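**Student:** Got chain C sorted already, so can you dock chain U onto it with the hints?
Residue numbers (the numbering used here), protein chains in the order written: chain C, 1 to 395; chain U, 1 to 313.
Please keep in mind that the hints were generated in silico from the structure rather than gathered at the bench. In this text the structure is predicted, and so the values were computed from the model without any measurement. Honestly, I wouldn't trust all of these hints.
[Stated by the list, open to error] If you want the footprint, here are the derived chain U segments under chain C, 3+ residues with CB under 8 Å: (1) 59 to 66; (2) 70 to 83; (3) 96 to 104.
Glycine included, C-beta positions come from ideal geometry on N, C-alpha and C.
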Amino acid sequence: MSRKDRMSGNEAVAYAIRQVNPDVMPAFPITPSTEIPQMVSTYIANGEMDTEFIPVESEHSSMSATVGAEAAGARSMTATSSCGLAFMWEELLVAASNRLPLVLTLVNRTLSGPININCDHSDGMGARDTGWIQIYAENNQEAYDNFIQAFPIAEDVRVHLPVMVCQDGFITSHAVENILIEEDADVKEFVGEYHPEEFLLNPGKPVAVGPYAVSAYSMEAKYNQEQAMIRSKEVIKEIAEKFRKKFGRGFDFFEEYRTEDADYIMLIMGSAAGTAKQAVDDLRDKGMKVGVLKLRVFRPFPADEIAEALMKCKAVAIMDRCESYNGCGGPLASEVPAALFRKKVLTEAVSYVYGLAGRDFTVETACGIFSELEDIVMNNRQYEQHRYVGLRTRQ
Amino acid sequence: MAGYNLKEVMSKPERLAPGHRMCAGCGATIGIRAVLRALHEGDHAVIGNATGCLEVSSFMYPYTAWEDSYIHNAFENAGATLSGVETAYHALKKRGRLPQDANFKFITFGGDGGTYDIGFQSLSGAMERGHDMVYVCYDNGAYMNTGIQRSSATPQFADTTTTPVGKKSNGKIQTRKDLSAIIAEHHVPYVAQTTFTKDFKDIHIKSEKAIYTEGAAFLNMLAPCPRGWRYETSEVMKICQLAIDTCYWPMFEVDHGNWRLTYEPKKKLPIEDFLREQGRFAHLFKPGNEELIGQFQEEVDRRWEDLLYRCNK
Numbered sequence: 001m002s003r004k005d006r007m008s009g010n011e012a013v014a015y016a017i018r019q020v021n022p023d024v025m026p027a028f029p030i031t032p033s034t035e036i037p038q039m040v041s042t043y044i045a046n047g048e049m050d051t052e053f054i055p056v057e058s059e060h061s062s063m064s065a066t067v068g069a070e071a072a073g074a075r076s077m078t079a080t081s082s083c084g085l086a087f088m089w090e091e092l093l094v095a096a097s098n099r100l101p102l103v104l105t106l107v108n109r110t111l112s113g114p115i116n117i118n119c120d121h122s123d124g125m126g127a128r129d130t131g132w133i134q135i136y137a138e139n140n141q142e143a144y145d146n147f148i149q150a151f152p153i154a155e156d157v158r159v160h161l162p163v164m165v166c167q168d169g170f171i172t173s174h175a176v177e178n179i180l181i182e183e184d185a186d187v188k189e190f191v192g193e194y195h196p197e198e199f200l201l202n203p204g205k206p207v208a209v210g211p212y213a214v215s216a217y218s219m220e221a222k223y224n225q226e227q228a229m230i231r232s233k234e235v236i237k238e239i240a241e242k243f244r245k246k247f248g249r250g251f252d253f254f255e256e257y258r259t260e261d262a263d264y265i266m267l268i269m270g271s272a273a274g275t276a277k278q279a280v281d282d283l284r285d286k287g288m289k290v291g292v293l294k295l296r297v298f299r300p301f302p303a304d305e306i307a308e309a310l311m312k313c314k315a316v317a318i319m320d321r322c323e324s325y326n327g328c329g330g331p332l333a334s335e336v337p338a339a340l341f342r343k344k345v346l347t348e349a350v351s352y353v354y355g356l357a358g359r360d361f362t363v364e365t366a367c368g369i370f371s372e373l374e375d376i377v378m379n380n381r382q383y384e385q386h387r388y389v390g391l392r393t394r395q
Numbered sequence: 001m002a003g004y005n006l007k008e009v010m011s012k013p014e015r016l017a018p019g020h021r022m023c024a025g026c027g028a029t030i031g032i033r034a035v036l037r038a039l040h041e042g043d044h045a046v047i048g049n050a051t052g053c054l055e056v057s058s059f060m061y062p063y064t065a066w067e068d069s070y071i072h073n074a075f076e077n078a079g080a081t082l083s084g085v086e087t088a089y090h091a092l093k094k095r096g097r098l099p100q101d102a103n104f105k106f107i108t109f110g111g112d113g114g115t116y117d118i119g120f121q122s123l124s125g126a127m128e129r130g131h132d133m134v135y136v137c138y139d140n141g142a143y144m145n146t147g148i149q150r151s152s153a154t155p156q157f158a159d160t161t162t163t164p165v166g167k168k169s170n171g172k173i174q175t176r177k178d179l180s181a182i183i184a185e186h187h188v189p190y191v192a193q194t195t196f197t198k199d200f201k202d203i204h205i206k207s208e209k210a211i212y213t214e215g216a217a218f219l220n221m222l223a224p225c226p227r228g229w230r231y232e233t234s235e236v237m238k239i240c241q242l243a244i245d246t247c248y249w250p251m252f253e254v255d256h257g258n259w260r261l262t263y264e265p266k267k268k269l270p271i272e273d274f275l276r277e278q279g280r281f282a283h284l285f286k287p288g289n290e291e292l293i294g295q296f297q298e299e300v301d302r303r304w305e306d307l308l309y310r311c312n313k
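Just chain U, with the same shape it has in the complex:
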């Protein structure tokens, strides 16, 4: 998008008002505000939300931080709920019960627990049916709202409260589920993996595409969590940059079946650079655990190569 202008984008009115109760240094709200900035002025939106940090912190009765209409239903059904809302929109338009010029967009947010795990079926159904909506997963790699339990998005070796590091444990045993690829295999019009970096360009462009591409779209957004990842709150932007520069979190899109890498680090950094910043991986840096970091690196490399192949690189 040649016309991207950071100053212009950042001066748009906020659609998630300040005063919500999310933590300082939380990646979710930074990313969500970036997604909402991609809505064109004048367009209405209905925001869906799976149960999680975002929901309990942004809509605590009698206050809401959402400038748009908003619905929280339950943990595992954000996809289905918004598919009902979106269908209602078509029904009411068809029957002349909404002004013909009322333009609504449908965006739902869920954490990785509500998206990769318990809400997976509901998401898959909504994507397969092709509702004109965007599902945005803010992936912080664990059930943070309930106190940092492992999810299928949790990286290998992470220290969580259900995969605690101990004398006989190096944290989570399994590697991550690749949800972006799974949703891409639904052959929906648009899937992208993103996070926020200092110019917010990648997330803005992908959000706008996701919102304004007709049909079902899925955005997987890395959203660091200072409580679960154990980093200094001021370091959130740095962590995201390291996630993409180590290729732990590749930035790509699948636009109508075309896999495209949207960011290729000039120099691929070693995974230690990403891991070292986070307390949840501290045990990997103890003497004797070098091999674990090696394993982590191998998995990152394998997935990166796989992605390059998909993107014809």
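Just chain C, same shape as in the assembly:
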């Protein structure tokens, strides 16, 4: 039976970690994810879970120790934010290339500089090509639900890849919401037990992990990794379906909110999707056909599915809470139009950068973006494709 409770996003994830009770969790403090290892440590101190917690001396070591523990045969995870993830970068690639199904709960925070502790997606996006599956949450409920699905996706033999479950720093990590919490036994049953095929601590069956591979072998390793990423799509869908059947909620790759007849769609990730949905409701009341495509799974990138979902709209606003510094938009602004082009979906696609380093994203801003889309289409207006919203001053 589900039960209602008030929890912050960090509390919800820590609660889910207690329920999953992984074997090993190394972690290092960094705002705004620090509460997660704190709460886990408290659960352990009170005998409510018995995960082996390693208080490492850096994020680099937390990912290194997680890799070691997972390779050894233990279900392992860590938590971090921002510069912590950046510091792990080399290790993220090692984890994925060793095909280790470990989990990282990321509380999204901007990267330095300037140093700033608030939310944007530059940390997760910086790791977008490291071979990890990345799942983003809109709210505390999804942060909880996505975490529970992470190990079953990662550990599936078709996948064997690490999973990053992301939520927005402070906006969901520290804000308290009413959410549905599942019974410990139900969560444990859903996640299942972990029995890896090969691991370091298998007596009599030694294994060597992390080879030097010459050019005659390296490319195949990378190709196989990509094939696993492609296969993970069916697994993510299966696990989402299993979760829906058991707990009655959730989405596959994305949520389509009032998009069925929408002329204008906002494609967005994370907590700002909630703001966008409010704007959609307000504008729908005024008769404007608008909708939101909230991307849940960024890696693997559901390119065909996105193109399919945007096929009928007149214009899409592609919302990046991250800058790529490439002169033409953030990561979504590069990947979504590529997906549309391949499917010959030639809808107007406008790139917006919003909410960097915790800048507010408001319903008014979202409404303004929909109006801009309408203006572009209705008045056949030439437009700047790479736009910023929410700046203090506009050039």
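**Tutor:** Just chain U now, kept in the frame of chain C:
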């Protein structure tokens, strides 16, 4: 250890198989095999390894020279990686997912680059947390794998590719970092400095102590490199003996805080005897550079006296 028997120890099965690609005359593999011989038969091990010569030469896909489970992660994190493995062992034992009689030991190897320098933080963290593991540094005094660049373990005046000897350079300016003492100051149960000599006794006894002492242990093992030091490959044993007889590389242990000298040369040889064998110090023997050798000797003497004091000698 009264029971030490060279013949018996040497007839134990090798845990680092022949066929790896390390150089002839390399000190690292000689020392590492000696360390592995200290594992008791029947005990399993997980070997960790920082990126370096040893790693790229012993585990080249699809071949491994390691008879035990082995993990290479990256250059700078061998300490943290093995601390994860060791913690996993306790987690799996606690949860009944390993046979109760499965006995695993955890040994990680890193060169001086991966240990003194880039992996220093990771090592310090693993030692401070007290994981039941041994970190073995095979100290060849430079980044040999990338082509002999200086490290903080490189001795003063050594000719390396980033401290080249030239018209205005006598090689490395700085003296060596004393890593064994630094790790001893972590107050871990066991720290030792060793190398291999003809009876392999010192390295065997210290390795066994390090492996079978509960908690974190650190072995610093001098491992000459024929490419970087420029000696005849057949001279490796002689070089090690000269390193200890000149007190360039003192043999000692810090067992639960007790500093103990484990080898005191009957006659302390002048440092020239050690330097002369190596091409990387050839410039010191040119006329006019006598003073540099004097400086080197002074540093060796100062550190030796300091060690004697610590060992209550």
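**Student:** With reference to the structure, classify each hint as holding or not holding.
**Tutor:** Comparing the hints with the structure gives:
no., hint, result
1, 59 to 66, "holds (count 6)"
2, 70 to 83, "holds (count 12)"
3, 96 to 104, "holds (count 5)"
Against the hints set out earlier in the document, no violation occurs for any number.
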